[in-house]
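Novice: Read off the chains here:
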Amino acid sequence: NAGVMQNPRHLVRRRGQEARLRCSPMKGHSHVYWYRQLPEEGLKFMVYLQKENIIDESGMPKERFSAEFPKEGPSILRIQQVVRGDSAAYFCASSTGEETQYFGPGTRLLVL
Amino acid sequence: SQKIEQNSEALNIQEGKTATLTCNYTNYSPAYLQWYRQDPGRGPVFLLLIRENEKEKRKERLKVTFDTTLKQSLFHITASQPADSATYLCASNSGYSTLTFGKGTMLLVSP
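Chains as they are written, first to last, in my numbering: chain A, 50 to 161; chain B, 2 to 112.
Hints listed in this document are in silico derivations from the structure and should not be mistaken for laboratory results.
Note that the coordinates shown come from a computational prediction; the quantities given were computed from them, not determined experimentally.
Take the hints with a grain of salt, since some may be wrong.
[Unchecked claim] Below are the BS3-like pairs computed for lysine-lysine, each with C-alpha atoms no more than 25 Å apart in a straight line:
{"#": "1", "chain 1": "B", "residue 1": "Lys104", "chain 2": "B", "residue 2": "Lys58"}
{"#": "2", "chain 1": "B", "residue 1": "Lys58", "chain 2": "B", "residue 2": "Lys72"}
{"#": "3", "chain 1": "B", "residue 1": "Lys18", "chain 2": "B", "residue 2": "Lys64"}
{"#": "4", "chain 1": "B", "residue 1": "Lys4", "chain 2": "B", "residue 2": "Lys56"}
{"#": "5", "chain 1": "B", "residue 1": "Lys4", "chain 2": "B", "residue 2": "Lys58"}
{"#": "6", "chain 1": "B", "residue 1": "Lys18", "chain 2": "B", "residue 2": "Lys4"}
{"#": "7", "chain 1": "B", "residue 1": "Lys4", "chain 2": "A", "residue 2": "Lys111"}
{"#": "8", "chain 1": "B", "residue 1": "Lys18", "chain 2": "A", "residue 2": "Lys93"}
{"#": "9", "chain 1": "B", "residue 1": "Lys104", "chain 2": "B", "residue 2": "Lys60"}
{"#": "10", "chain 1": "B", "residue 1": "Lys4", "chain 2": "A", "residue 2": "Lys93"}
{"#": "11", "chain 1": "B", "residue 1": "Lys4", "chain 2": "B", "residue 2": "Lys64"}
{"#": "12", "chain 1": "B", "residue 1": "Lys72", "chain 2": "A", "residue 2": "Lys93"}
With the rest of the complex left out, here is chain B (with noise of 0.2 Å):
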């Protein structure tokens, strides 16, 4: 079955600066993977898609990469602010469209 690895530690940087989140998937190459955010006591809220035959996707933002070489996602925000602290989670999918996720990881914008 497919599994998502994210980094379990949380990344700290400095306001404005470019945060950059990786998912990596460990068996096949799914059809697409999904970005989530999710606040402390919340649901997890959708924020970028990318097919396997998409190279990249922005949104605003946020930039998401997919290299089925490396077997990996790359999620980038730009120009970052401390609203965008929170953890942010990878999915992929798997089975009759349901999801796999990653533990995610925990992004901390300082001002």
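So that you can see chain A by itself, here it is in the shape it has in the complex (with noise of 0.2 Å):
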């Protein structure tokens, strides 16, 4: 049984583009979350979805940030024209509703 998977695992993008990073959750699992870390800090809540639905974006930024989670395939977090401090660490997790999330190898991005 495949564990959570993201790509890419690491992403560059220059001041101004686009960032898409995917997230495929574990078999079985309907809900999905994101979370970003940033250097020296904490894993942070960004949006948690189930299929179709957002179910809550409370720790996502208003502005450039948007995420789906289709009928059919992968979640998708979108960046919109990237300013350096996106530099981070994202997470996706899955679960199947219950209290554990099992997180994915992260996708590093990096903006020039």
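If you follow the hints, you should be able to join the two separate chains into one complex; please do so.
Specialist: Given below as structure tokens:
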């Protein structure tokens, strides 16, 4: 049973470009969470999605960031017009809806 | 909102000793606390979950306690090994089953 998969593992973008981060949850999991981790900081919750629904986006910046989890395919976190401050590790986690979340390996975004 | 506090200083111990890591929460008593392990460049790995009504939980060499009076959870690794060296994260539930994490405590086990 494959774990949570994220791609790309590393992403380099120039300021103003768009970044698309993908997450495939564990088999049987329909709940997806995105977290951001800045250097020397803890994991910060961004958004919680179920298939085709955003359940909680209270941690996501209002501008430039969006997330989706379509009926078919992976969940996508999209960052438009990236700025240097967006450089971070972005982690996706999935669950069955129970308490425990299983994390992917993360995508390290570097904005030049 | 809930705040999770972990000791930011690295914990250095010798192989074979028991490592004890602390997690304090500041506001409401969470329904549960979870502990994760994170290695450099990797995602967190779930270790243990303890519920509000449980005093203690064990799994192999790991033990977690939950003290609602002190607003604290302790995470113990007995007979520690160099392979246990990692950052350990404490998290509590918040909102719609989302998690609030502490910054983590780095554990270094020397041979």
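Novice: Each hint: holds or not?
Specialist: Do the hints match the structure? See the list:
Using a Cα cut-off of 25 Å, the hinted pair Lys104(B) and Lys58(B) holds, with the two alpha carbons roughly 22 Å apart. Our distance criterion of 25 Å between C-alpha atoms is met by Lys58(B) and Lys72(B), whose separation comes to about 17 Å. Distance restraint check for Lys18(B) and Lys64(B): the Cα-Cα separation of roughly 14 Å lies within the 25 Å cut-off, and the hinted pair is therefore satisfied. Our distance criterion of 25 Å between C-alpha atoms is met by Lys4(B) and Lys56(B), whose separation comes to about 21 Å.
The hinted pair formed by Lys4(B) and Lys58(B) meets the criterion: a straight-line CA distance of about 23 Å does not exceed 25 Å. The hinted pair formed by Lys18(B) and Lys4(B) fails the criterion: a straight-line CA distance of about 30 Å is larger than 25 Å. A C-alpha spacing of about 22 Å is found between Lys4(B) and Lys111(A), which places the hinted pair at or below 25 Å, so the restraint holds. Taking the CA atoms of Lys18(B) and Lys93(A), the gap is near 32 Å; set against the 25 Å cutoff, the hint is violated.
Of the pairs offered as hints, the one joining Lys104(B) and Lys60(B) holds, with about 23 Å between alpha carbons and a cut-off of 25 Å not exceeded. Between the alpha carbons of Lys4(B) and Lys93(A) the distance comes to roughly 11 Å, so the proposed pair stays at or under 25 Å and holds. Taking the CA atoms of Lys4(B) and Lys64(B), the gap is near 22 Å; set against the 25 Å cutoff, the hint holds. Between Lys72(B) and Lys93(A), the direct Cα distance comes to roughly 21 Å. Compliance with the 25 Å bound is thereby established for this hinted pair.
Comparing the model with each earlier hint shows violations of hints 6 and 8; every other hint is respected.
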